[in-house]
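Engineer: Here's the letter readout for the chains.
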Amino acid sequence: MDYGKTILLTIIVFAVGVLILPNTVSLFAGQHYWYNLSGSGNDVPCVKCHADVYEELKLGVHRNLRCEDCHRANKSITYASVSGSYTNYTPGKEAHAATCVACMLCHQINASYASKKPGPYAGGFNITLFGISSPYNYSNATFNGLYEAHNSLVAHAIAKAKNSSLLLDSTEACLACHANIEVRMNFNVSTGMNIVAKDVVLGYNPATGFNESQVNVTGITITGFRSVTEVKS
Amino acid sequence: MRYSGLALVLIALAVGLVMVGTKSVSIIKGSHDVSSHVNCSSCHRHVAEEMAITRALHGPHWDLSCVTCHRFNGTGIKFANATASSPGMQAHAAYVPSCLDCHGGKGVWVVNVSGVLVHAPPARAFNVTTKVNGRNVTVVDSIPYFTAHKQLIAYCIKQGDENLACLACHTNYSVNISYSYPDYINLIISSWNITSLTIGPDRVYNVSFVKKTLFSGKHVFLPLKDINCSKCHLNIYLGLINGKHAPIYYAWRWGNVNLWGFYRYHGLALYGSTLNTSWINNTYCNECHRALKVTLVNYKTGVSYTFDISKVTNASSVHCAEKVSCLTCHHRNSTYWWLDPYYAFLNATKSNPLYAPYHEDLINQTAKYPRFIHGDICLDCHMAAYHWGSCDTCHTGYNKITTQYTEP
Chain A
1 MDYGKTILLT
11 IIVFAVGVLI
21 LPNTVSLFAG
31 QHYWYNLSGS
41 GNDVPCVKCH
51 ADVYEELKLG
61 VHRNLRCEDC
71 HRANKSITYA
81 SVSGSYTNYT
91 PGKEAHAATC
101 VACMLCHQIN
111 ASYASKKPGP
121 YAGGFNITLF
131 GISSPYNYSN
141 ATFNGLYEAH
151 NSLVAHAIAK
161 AKNSSLLLDS
171 TEACLACHAN
181 IEVRMNFNVS
191 TGMNIVAKDV
201 VLGYNPATGF
211 NESQVNVTGI
221 TITGFRSVTE
231 VKS
Chain B
1 MRYSGLALVL
11 IALAVGLVMV
21 GTKSVSIIKG
31 SHDVSSHVNC
41 SSCHRHVAEE
51 MAITRALHGP
61 HWDLSCVTCH
71 RFNGTGIKFA
81 NATASSPGMQ
91 AHAAYVPSCL
101 DCHGGKGVWV
111 VNVSGVLVHA
121 PPARAFNVTT
131 KVNGRNVTVV
141 DSIPYFTAHK
151 QLIAYCIKQG
161 DENLACLACH
171 TNYSVNISYS
181 YPDYINLIIS
191 SWNITSLTIG
201 PDRVYNVSFV
211 KKTLFSGKHV
221 FLPLKDINCS
231 KCHLNIYLGL
241 INGKHAPIYY
251 AWRWGNVNLW
261 GFYRYHGLAL
271 YGSTLNTSWI
281 NNTYCNECHR
291 ALKVTLVNYK
301 TGVSYTFDIS
311 KVTNASSVHC
321 AEKVSCLTCH
331 HRNSTYWWLD
341 PYYAFLNATK
351 SNPLYAPYHE
361 DLINQTAKYP
371 RFIHGDICLD
381 CHMAAYHWGS
391 CDTCHTGYNK
401 ITTQYTEP
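Top line first, the protein sequences correspond to chains A and B. If you use the working numbering, the first sequence closes out at 233, no skipped numbers anywhere. If you use the working numbering, the second sequence closes out at 408, no skipped numbers anywhere.
Hints listed in this document are in silico derivations from the structure and should not be mistaken for laboratory results. Note that the structure is predicted; figures quoted are calculated from it, not measured. Errors might be hidden in some of the hints.
[What the hints assert, rightly or not] Listed below are the simulated BS3-like cross-link pairs for lysine-lysine, each with C-alpha atoms no more than 30 Å apart in a straight line:
no., chain 1, residue 1, chain 2, residue 2
1, B, K323, A, K198
2, A, K198, B, K218
3, B, K78, A, K117
4, A, K198, B, K158
Work out the full structure: start from the sequences and follow the hints.
Structural biologist: As structure tokens, then:
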């Protein structure tokens with residue numbers, strides 16, 4: 001083996017090592033180094049496993065929030081916690097460390113009773129128009145959302161989420177617009193209409209002095225649907 | 001060298017995995033990169049592409065943004081606004097506007113993409129709107145009866161989507177229309193009185209105007225000059241060419257000239273050695289259906305006369321067309337009644353003593369019968385569709401029994 005190949009092999013081994021070594025080491029190193037949760041600021045670092053989420057979080061409007069502001073925000077859930085001394089602890093009931101969260105937990109109207117960190121109300125939606133219910137408050141008499149163009153999207157996201165692996169409640173719909181995620185949408189777009197018109201006789205009209213007639217429209221149907229795929233990237 | 005290449009690939013792979021691996025494996029990449037600013041066209045690219053066509057055509061709305069229409073602030077609808085820290089009330093991001101939200105009443109001023117105030121003009125005749133929950137809704141009964149297309153918009157309002165009526169004409173939307181109207185009328189005339197008039201069974205004709213572009217057309221707003229009457233009224237267009245809609249047919253004349261020595265046709269442009277169908281366009285339609293003035297030419301002298309007929313028509317107060325019959329202009333109360341040799345009263349309760357008991361009095365009697373056949377009775381002599389050219393066609397004796405096919 002000449003000198004050049006030796007150098008090359010060294011580089012390859014080094015490169016593979018960069019990829020594998022940290023994981024290999026993590027299997028052993030530190031497994032007896034337990035976090036002390038009793039002190040202030042000594043929480044389990046979510047970023048340890050969710051560095052990607054942390055990186056994303058810092059890019060958006062939630063950049064000043066901590067993980068627990070959302071994922072331990074549900075007032076109806078008792079999360080495991082330690083306060084002051086490790087002997088002063090609360091075991092988790094419905095959840096231990098964190099829960100998945102629906103956007104509307106914090107962004108529903110009157111979120112203060114549901115969230116430890118209520119956000120601004122995302123008003124202007126109405127899901128009852130579609131016969132959909134949710135544990136979160138989308139509208140009331142004042143904030144009725146009757147004219148929102150995306151009500152259908154929100155309502156159907158909720159309906160789908162109930163029996164699938166989609167994110168909770170309307171979160172998929174919220175993210176579609178408000179998050180930097182790729183969304184593939186198939187729109188069924190109409191391209192025309194059929195109109196049925198017929199001459200009819202209305203009868204004598206004293207105001208005009210005529211036996212009036214007109215062309216009545218008796219039917220309009222939207223037609224020519226075609227599929228349009230939109231990809232938001 | 002071969003090994004060097006392999007090494008570089010492996011190095012790149014290793015570095016790539018280390019540097020970007022965490023992002024790649026996230027369940028929904030970007031789900032925590034949340035923004036309060038949303039770009040409509042990122043999800044509605046096809047709409048943006050249609051609007052680009054509108055801009056190229058310089059059609060209505062060419063200089064407007066999504067927000068101008070879909071977050072229009074003149075309805076009282078409050079949208080979510082991150083800048084103003086206000087939640088949405090009646091809508092969050094956008095609403096589906098009614099065309100008349102802007103084009104009802106006296107119209108509104110909106111800001112275009114250049115930040116300039118531009119006026120959305122009222123949709124004349126259809127702008128008789130009232131506010132319902134802050135939004136303009138057309139009061140159908142207030143639309144003048146003589147406004148063509150009134151029933152179209154009335155039906156759409158009844159169905160809850162009056163925009164459809166607007167889209168049919170003002171956008172590049174395909175339209176298929178099935179019209180049905182009486183095939184013919186049967187007349188029995190005795191001693192200068194119409195003693196019987198019955199209407200034949202319906203015939204149906206279909207018009208299909210299929211857009212030729214890829215796009216649905218709902219957001220391709222056509223310049224007014226590109227709205228073609230024949231798109232929906234192809235049968236009338238063909239009737240004009242073939243002489244079955246109004247008495248314009250070049251090849252047929254009744255003694256060549258009328259009582260004043262004029263040719264008796266409306267389509268002045270049609271005089272000449274050949275019939276030029278390209279002259280039958282919107283302008284030609286408007287000569288009757290949106291007539292504010294008419295020009296008649298004495299072809300013997302070459303002198304033309306232009307008359308303001310706005311007082312006998314309602315052209316200034318209709319949307320795009322007026323529902324007219326021959327008698328709209330040719331009636332006794334017309335300002336220019338002296339142009340009218342028939343001198344009809346347009347009132348079924350009156351007779352026409354001046355010309356009774358001649359053909360002309362029959363015109364007056366048509367007021368008893370449905371408006372849409374008035375023209376047919378006129379055309380019985382003046383164009384008469386399949387019956388023109390001979391008195392014998394109608395007369396089998398002193399009295400008249402005739403079948404008159406209706407005009408398109």
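Engineer: Now look at each hint and say whether the structure bears it out.
Structural biologist: Checked hints:
1. B:K323 / A:K198: Cα-Cα ~15 Å, so holds.
2. A:K198 / B:K218: 26 Å, holds
3. B:K78 / A:K117: Distance ~25 Å between K78 (chain B) and K117 (chain A) Cα, so the pair holds.
4. A:K198 / B:K158: Given that 30 Å is the threshold and the Cα spacing comes to 17 Å, the pair holds.
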